[in-house]
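The listed protein sequences correspond, in order, to chains E and S.
The opening position of the first sequence corresponds to residue 1 in the working numbering, with each subsequent residue numbered one higher.
The opening position of the second sequence corresponds to residue 330 in the working numbering, with each subsequent residue numbered one higher.
Hints were generated in silico from the structure; no laboratory data involved.
For glycine and all other residues, C-beta sits at the position ideal for the given N, C-alpha and C.
Don't take each hint at face value.
[Stated by the list, open to error] Not everything, but these chain E residues come out facing chain S in the computed CB check (under 8 Å):
#, residue
1, V26
2, L30
3, I44
4, L144
5, T221
6, V229
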Amino acid sequence: MSTDTDSDTAITAGVARADRVRDRRVRRTLFGCAAITVVTTLAIFAVLVDNGFSYFYGVKLHEAVLGATLDQQVSLTEFVTGTRWAPDHARPSHGILPIVYGTLAITVGSAFVSIPIGTATAIYLSEYASPGVRSKLKPTLEVLAGIPTIVYGFFAISFVTPFFISPAGDLLGYNAGRYNLLAGCIVVGVMTIPMVSSLSEDAMSAVPDDLRNAAYGLGATKFDVSLRVVLPASISGVFASYILAVSRAIGETMAVTLAAGQQAQITGNPFNEIMTMTAYMVSMARGESAVGTVEYQSLFAVGMVLFVMTLTMNLINDWIKRRYREVYQ
Amino acid sequence: MSHDTAESLHTDDSLRWEKLKNRLFLGLCISASLFGVVALVLLLADVVYESVAGIVEFDISIVHFLTQGARRDPEDAGFMAAIAASVWLMILTTLMAFFIGVSSAVYLEEYAPDTRITRLIEANLANLAGVPSVVYGLLVLAAIVNGIGTGSILLAGAIALALLIVPIIIVATQESLRAVPDGLRHGSFATGATRWQTIRGVVLPAAMPGIFTGTILALARAIGETAPIIMVGILFTARTPPGPFDTFSAMPSQIYIWAAQPQPHFHHLAALGIVVLLAFMLSMNAAAVFLRNRYETDL
């Protein structure tokens, strides 16, 4: 080799080294960005625990660790077992059960709307609808999930309650208020229909036609095939969609605040006003003005409970997906 | 199926019952599918009806509505300040979320080794997507509004929205990157390009339409998010368009304020506000669809 090519190689090697160095630097920057997502989760957890602690003991957790004296203002027992929620009242009371009840009532009630309707829609889309109908119906339904939840709240108070729930209440002898549990369940149910229908349809479409054809060969009808072959074969995906819808209903905020109201009570009457955890958070949101008050601190205790509930749902979803995943070729 | 069903299939009666059952079931499935469509139509019709009723019955001037800030007096109230706040929020949110989201996705798809840390990041993404939006509001309220002490400024709201949509942008970007065939990468490597040169020169340009589409859809979601904005900001009637460091009331929170008022006049203002908000979302979605159709190439 001549000296000429040698220096050429040296230059190329130098350039290549510079490129590699830059490659590593870029890689580190990109990793930093990806790490931000993990930091977000940790920050959410830290903020909720730190500030939630101050709701019970008057000082934030990190202040307590640094040696601030605890001044118990709310007992954990009262928080978990009390049945009156009024932290901002003149005679405060800190039982979280009424607003947990509100959230669960909305969640269960909306599931009664979204799960049957969503599943039937998914079966129609996957087993009956022609490709043309499916390609129009599916995106149309998905629009429901894209509409801002505040619009559903408005829909509830301007249409669902006055035109459906009040007349129904009159018929049954109940007096439905401007805000009521039933309206909240209906609008949250409607907005979660596409989550159930789209994801369940995906799972059902993934079931191979061989299974269907085998059933048809045995003389099964479409009804049998849909309910006894396709649904069981896709059950993990279908359940995952239910969990997702339920998880969304738990965290749903604006629609339930406007539709179901802001009065914390445990009531079996669906025409009554209730308050969910999220609605409480909205009613207490005062930006920077109320730092250090019990109301402000209570936001984080409630937020913690909410976070744990949705996290549990996500973990269950994960577990179902891994445990019951059916893989077809 | 049990034996006796199979045997009884031979009789005419049970055959008729099977047919009836099938027809009923189909009817049930069709009605369920129509339920969602009907609900959507009713919802949109209700919003349009309430806004038209506001214009006709309460003489709300559309020009006045679109050019004036919010007032306590419904006669004089407008949506301008809220629109401006939402536009600012979109700009700032895009600036923050786009870079972080795309970079994270590039790392996860192109660089990340299959280690425990990578799997942790991926699992965490799925978890973040499930965190209620109101919780993001709490995070920013405690960490930035009161922690750093910025106060309830628009920038803090944009941070909350950015945190909210970063996971969505990451997932959309990952999908677009996955759609770029490995042949393109290998071709680039074969010419001696480094990984970063390959990504910048080959992979990202090929994936860009998908990334933009995903980002716009995420922004369309962010513009309608009410809960984090309410947690971060103060609920108040904004008279003048805010800057990034002012207190603010964006479109959805202004709609909430109006909708929660007892007077019917405010109600119609809320309906008009919803029309404007939906128009924004619709045009963003249209832009996303246009981008997808215009630049979608078969790789």
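Structure-based check of all given hints:
1. V26: holds, 5 Å
2. L30: It holds, given that the least Cβ distance between L30 (chain E) and chain S is near 4 Å, below 8 Å.
3. I44: OK, holds: I44 (chain E) within 8 Å of chain S, min 5 Å.
4. L144: holds, 6 Å
5. T221: For T221 (chain E), the interface hint holds, since the closest Cβ of chain S sits about 5 Å away, which is under 8 Å.
6. V229: This interface hint is violated because 11 Å lies over the 8 Å limit.
The structure is inconsistent with hint 6 alone, although it conforms to all the rest.
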